[in-house]
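**Student:** Here are the chains, one letter per residue:
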Amino acid sequence: MHDGVKKPYGRHVLIYTPISKASKRILYAVPILAITLWVLFTGLPAIAADDDYLKALESEADDTGSLNTKPTNNPTPAKSGGVKNNDKENFEKLLEFELPSTYKFYTKLNAENQAKVIKRYNREKKMSAASKMIFDLYFQHNK
Amino acid sequence: MLSKTRAAWRTPGLALLLLWSNSLFALDVNIAPDTPYVETAHEGKPFRIQRIQDQNHVLTGGFTKTSRKCPPFCIQPLHVAPGVITVGELEFLDFIEKKLNTGQGVVIDARTPSWHEKGTIPGSINIPFTSFDKETNEAVKAVALGKLGVIKKTGTSMITSLWESALKLVGSKTAGSPWDFTNAKEILLWCNGMWCGQSPRAIHNLLALGYPAEKIYYYRGGMQSWQILGLSVVVPNKQ
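Heads up: the protein sequence lines correspond to chains V and Z, in order. Just so you know, the numbering used here puts 7 at position 7 of the first sequence, and the rest follows in order with no gaps. Just so you know, the numbering used here puts 5 at position 5 of the second sequence, and the rest follows in order with no gaps.
For reference, chain V alone in the conformation it holds in the complex:
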C-alpha cells in the first residue's frame, strides 16, 4: 500500500557536483564570521568595560586633586644662601635622619648660618663637624 511517503531506495552514491567560487567563499566566510561575532560578543565587552574603568579612574584622579602633603616634620624652609638647593636638601635629609635632635637646632638657624653649615659639611664630609658648628652657631645667637 502506498502511504504517500517517498522512501529512499538503492545504494548511496557520492556525486561530486562542481561548487561555484561564490559558494566556496560563503563556505569559508561563515566560520570566519562566526568567530568574529563570537570575539565581538564575548571579548569586546570585557575590553570596553576595562576601558570604561580606566577612564573613570583617570577622571576621578583629576577630580581628587592634590593630596594633603602638609609636612609632617616641620623644617622651616630657608633661603639657599649660596648653597645649591640639591646639596641643601640632601644635607638636611641626612642630618634629620642621623641626628634628629641636632636637626631641630639646625632649623632654628637663619639661612646664612645654615648655608655656612652646609658649606662646611661639603668641605669636610663629616657630620660631627657640621653638628658641632650647628651648636656653636645656635649658642652664639641664643646666649
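There could be a bad hint or two in this list.
[What the hints assert, rightly or not] What the simulated footprint calls covered on chain V by chain Z, stretch by stretch (three residues with Cβ under 8 Å from a Cβ of chain Z suffice, anywhere in the stretch; the number is not a length):
#, stretch
1, 93 to 99
2, 107 to 116
[What the hints assert, rightly or not] 27 Å max Cα-Cα, derived DSS-like pairs, lysine-lysine:
#, chain 1, residue 1, chain 2, residue 2
3, V, K104, Z, K45
4, Z, K147, Z, K99
5, Z, K99, V, K88
[Said to hold, decoys possible] Over the 10 Å line for every Cβ pair with chain V, so calculated as not near, a few chain Z residues:
#, residue
6, T66
7, P72
8, T86
9, E138
10, A142
11, K153
12, D180
No lab work stands behind these hints, which were simulated from the structure alone. Note that the Cβ used here is the ideal one computed from N, Cα and C, for glycine as well.
Position chain Z relative to chain V; hints supplied.
**Tutor:** Using the frame of chain V, we list chain Z on its own:
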C-alpha cells in the same frame, strides 16, 4: 688648666643637652605610644614616616569625598582572597621595618600612574594593577614580576615536566605556571582605600598567575586612611 676643665665639662654637657633637646622636641602626635616615627628609604633617600603634628589640621581635597559612582568605585570586602592577609596601619609600618627595610618585602602602590604622581606612601614602588592583567603583554608582566623576585621558567626538562604533572595532580596552583615563584618576595599592595578596586584586582591577577597567597598582604585603608591619620606622604620625582 682652665681649658682642660672646660673639655671635661663639654662631653657630659653635650650629652645632657641632647637629652634635654630630645625631651623638648618630643612629638605630641605619635604613631603608637612608643613609636613616634618609622624610618625607611624612598627612591634611595632616607625618609621618616610620622604624623602631622598640627592638632588642628583637617583634610581638604579629594580624600574628603564620601560618594563616588558604584560601579566601578564600590566598597571592597575586608578579606580580598583566601590566604591573603588584610593589614592596618601598624601592621603596614611593621612590614616596612621588618620586610621592606631588610629587602625581604616590596610595598606596591597598585594605582595607575596619574594617582601615584600626586603622592604616595613612602617606600612604595608604583606597579599599576594593569601590569598583572591576563591581556597584558608578557614582557610588561615579566618586568613587573621581576621587581617582586619572580622570574620566567626556563626550558622544561622531562624531570621538571613530570614534577609539574605530579604537582598538578596534588592540586598545586603554581604547577603549570610559566613563572617561578621560588624567590618571590612578600608583597604589600594598596590603592586609594576601601572604595578602590585597583589593588584587589592586582591581587586576584597575581593569584591567578600563581603568586603564593601567604606572601601577599592587602592594606585596605589605602591612601584614604593614611591621609586621615596624617601620616607622611611623598610626591615622587618625575623622571
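**Student:** Please go over all the hints and tell whether each is borne out by the structure.
**Tutor:** Right, here's what the structure says about each hint:
Counting residues of the stretch 93 to 99 of chain V whose CB falls under 8 Å from any CB of chain Z gives 4; the rule of at least 3 is met. Proximity of the stretch 107 to 116 of chain V to chain Z, defined as three or more residues with a beta carbon under 8 Å from a beta carbon of that chain, is not established by the 0 residues found. Straight-line distance between C-alpha atoms of K104 (chain V) and K45 (chain Z) comes to about 19 Å, which keeps the hinted pair within the 27 Å bound. Proposed proximity of K147 (chain Z) and K99 (chain Z) is supported: the alpha carbons are some 15 Å apart, at most 27 Å.
Taking the CA atoms of K99 (chain Z) and K88 (chain V), the gap is near 31 Å; set against the 27 Å cutoff, the hint is violated. Residue-level check passed: T66 (chain Z) sits 13 Å from the nearest beta carbon of chain V, beyond 10 Å. For P72 (chain Z), the requirement that its beta carbon stay farther than 10 Å from each beta carbon of chain V is not met, with the minimum near 5 Å. The beta carbon of T86 (chain Z) sits about 22 Å from the closest Cβ of chain V, which is more than 10 Å, so the claim that it is off the interface holds.
A cut-off of 10 Å between C-beta atoms confirms that E138 (chain Z) is not in contact with chain V; the least separation is 18 Å. Distance to chain V confirms A142 (chain Z) as a non-interface residue, since its nearest Cβ pair spans about 21 Å, more than 10 Å. Every CB of chain V lies more than 10 Å from the CB of K153 (chain Z), the least distance being 28 Å, so the non-interface label holds. The claim that D180 (chain Z) is not at the interface with chain V holds, since no C-beta of that chain comes within 10 Å of its own (minimum 28 Å).
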